[in-house]
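Visitor: So you can see what is in the structure, the chains are spelled out below.
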Amino acid sequence: MTPRRVLAALGLPVVLIALWWLVSASSTSFFWPPLSTIVRAFPQTWTADPILHDVLPSLARLTTGYLVALVAGVAAGTAIGSSPTLRALCEPALEFLRAIPPPVLIPVIALFAGYTGATSKVVTIALGCLWPILLNTVEGVRSLDEVLRDTARSYRLGRVATLRQVVLRGASPRIATGARQALSIGVILMVISELFGADRGLGAAIVQFQRGFAIPQMWTGIILLGLLGVALSGLFRLVEHRSLAWYRGLRQSERGM
Amino acid sequence: MIALDVAGLAKTYPGPGGVEAVRDLTFQVGRGELVCVVGPSGAGKTTLLRCVAGLLDLSGGRISLDGTPVTGPPAGMAVVFQEYGRSLFPWLTVRKNVELPLKEKGLAKAARTAKVDAALESVGLLESAGAHPWQLSGGMQQRVAIARAVAYEPSVLLMDEPFAAVDAQTRADLEDLVRELWQRLAVTILFVTHDIDESVYLGQRVLVLSNRPTVILEDVPVDLPEHRDQLATRSSPEFARIRTHVYELVQLAKKGGRPDPE
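So the protein sequences, as listed, match chains F and D.
Per the numbering used here, the first sequence runs over residues -8 to 248.
Per the numbering used here, the second sequence runs over residues 57 to 318.
Take the hints with a grain of salt, since some may be wrong.
[Claimed, not checked] Facing chain D, according to a computed beta carbon distance under 10 Å, are these residues of chain F, among others:
| no. | residue |
| --- | --- |
| 1 | R147 |
| 2 | Q156 |
| 3 | L235 |
| 4 | Y238 |
| 5 | E245 |
[Said to hold, decoys possible] Using C-beta positions, here's what the derived DEER-type ranges look like:
| no. | chain 1 | residue 1 | chain 2 | residue 2 | range |
| --- | --- | --- | --- | --- | --- |
| 6 | D | L241 | F | R140 | 25 to 35 Å |
| 7 | F | R140 | D | P72 | 24 to 34 Å |
| 8 | D | G71 | F | R78 | 18 to 28 Å |
| 9 | F | L154 | D | S193 | 30 to 40 Å |
| 10 | D | G162 | F | L226 | 31 to 41 Å |
Everything labelled a hint here was simulated from the structure, so no lab data went into it.
Please read these numbers as outputs of a predicted model, since none were measured by experiment.
Yeah, the Cβ is synthetic: ideal placement off N, Cα and C, and Gly gets one too.
All chains should be built: construct the whole structure from the sequences, respecting the hints.
Guide: This is how it looks when you write it as structure tokens:
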């Protein structure tokens, strides 16, 4: 990155933090502690123990749920996208299921699986992440160019090669779009799933600070969540940047014409 | 020796009423021949080609390649599509695009590399092997598609208006490339085009199609010297004579002319 772009990327956050720092500096409100207090509370709050027992388990559940959704969504989406019959059968149901906000599934899952263990939280995250990945994969597979399909057929590419080299690669830009949407849904559900019947976890910790009136600590938790979100989306963009370089090039060359 | 045998080919698209695209096509292409197919637009040229390629089910008749009936895309056939930009895999480099069908054939790495190099060399694109298709011009992309077909070593090469979307100068170069590859590799080519000059310049025979529902209006032999030249051949009296004849046939086809019942 050029220095200019670094400056552009960091400019607004720096201004906002400075603003927060200045405005809150002389705050005496219990709920709006000065930013300096929050920053001082940060290293004391997030020591080895909470990182090991709150942050890492939360991230592990998020990763598991997200990966389950990714594999299941791409697999089911490819099957549905490849078959017009299956698509006609599934699409109304999918539209309905997608419209259900994932958090309302929590009471249902809790009824069947209880809500203290990790499994039910992973299921919640996976179910929420599934829809954008599934629907985008269906669309990506469906809209694959006919000429590319004919080319694959006329060169007698087998099922496996067609799936790996043609269908999945062709659908990958749409799959990435779905996966990006799913990531932010996953982070939200990671927190929400811990608000119910969990005593450890990043979301649970924030709620407990709030209930215990440990306000600066609560703020540090929220900041930590934000930082994690930025890190995860950065990681995602890194992977996307590498695997979809061809797509950016293609788009640019189309615009240039 | 017959490479491609099309007998009584008929194709009616399903749907309300059914659209009869091809009524009765019978022709043969001998091994090593270069045959062009022309016809007015909407004459079912692409339908014919997709049937021969095994991409479309027939409603009637038979197609055989080297004596084996075509029921799906046959092993000894390669297709160069008109839409070069949509028939090359944009996520693969030029080399990988050419290599993919060979990989699927089960060729070893060394043999694949040698064939890909030779094919890219023959279309003059060896130095672009590492590029992606979208980094190349239209004419170059179609060369890659031709290289992919050449490397596949088909018994019959089908070309579906391959140069319809490139500019005139590139088109002339690509026509000469096809002639050169055909002579050097002794491949059989069925070349579909809407361009009358192109069909006469390239072919040993020109099959003129009628309007829908399609039959063959006339099988025109092209008695031009084996070595063709964009300037000399195109300005020769013989070229003009055949061109005029094919032109009149296509005009006749447009007006709904059918072959005389014998």
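Visitor: With reference to the structure, classify each hint as holding or not holding.
Guide: Quick rundown of the hints versus the structure:
{"no.": "1", "hint": "R147", "in the structure": "6 Å, holds"}
{"no.": "2", "hint": "Q156", "in the structure": "6 Å, holds"}
{"no.": "3", "hint": "L235", "in the structure": "9 Å, holds"}
{"no.": "4", "hint": "Y238", "in the structure": "7 Å, holds"}
{"no.": "5", "hint": "E245", "in the structure": "8 Å, holds"}
{"no.": "6", "hint": "D:L241 to F:R140: 25 to 35 Å", "in the structure": "27 Å, holds"}
{"no.": "7", "hint": "F:R140 to D:P72: 24 to 34 Å", "in the structure": "26 Å, holds"}
{"no.": "8", "hint": "D:G71 to F:R78: 18 to 28 Å", "in the structure": "20 Å, holds"}
{"no.": "9", "hint": "F:L154 to D:S193: 30 to 40 Å", "in the structure": "31 Å, holds"}
{"no.": "10", "hint": "D:G162 to F:L226: 31 to 41 Å", "in the structure": "38 Å, holds"}
Violated hints are absent here; each numbered hint is respected by the structure.
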